[in-house]
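Residue numbers (the working numbering): 1 to 68.
Here are the computed distance ranges between Cβ atoms for each label pair: (1) 20 x 42: 19 to 25 Å; (2) 20 x 40: 21 to 27 Å; (3) 1 x 44: 43 to 49 Å; (4) 20 x 45: 18 to 24 Å; (5) 45 x 3: 41 to 47 Å; (6) 15 x 57: 38 to 44 Å; (7) 24 x 44: 19 to 25 Å.
Once the Cα atoms are required to be at most 20 Å apart in a straight line, the calculated EDC-like pairs of lysine to aspartate or glutamate come out as: (8) 58 x 38; (9) 26 x 41; (10) 58 x 41.
By construction, these hints were calculated from the structure, which means they are not laboratory data.
As the structure is a prediction and not an experimental result, all values here were calculated from the model.
Glycine residues also receive a C-beta, built at the ideal position from the N, C-alpha and C atoms.
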Amino acid sequence: MGAFLSFASFLFFIVVIFWSLRYGKKITVNNPWGEYADTLEWTLSCPPPEHTFEQLPKQSDWDHGHAH
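Construct the entire structure; sequences and hints are all you get.
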C-alpha cells in the first residue's frame, strides 16, 4: 500500500510539473507578489542578470519596513 501511494504521489508531482510548464502563466513583471515581497531578492529584475550585484547592497537601500 505504501509503495502504491508513493508512486501515485510521484506521478501526480510529475503531471503537475509538466502541466505548469506547458499551461502555466509566465512571469512578466519583476515582482509578481506585489507589496508583500519587499526583500532583497525582489529588488532585481526577473530573470536576474548574470552578475547580480556589482557592489554589495546595504540593508538600508532596500529594507524600508522591517527593523531586523
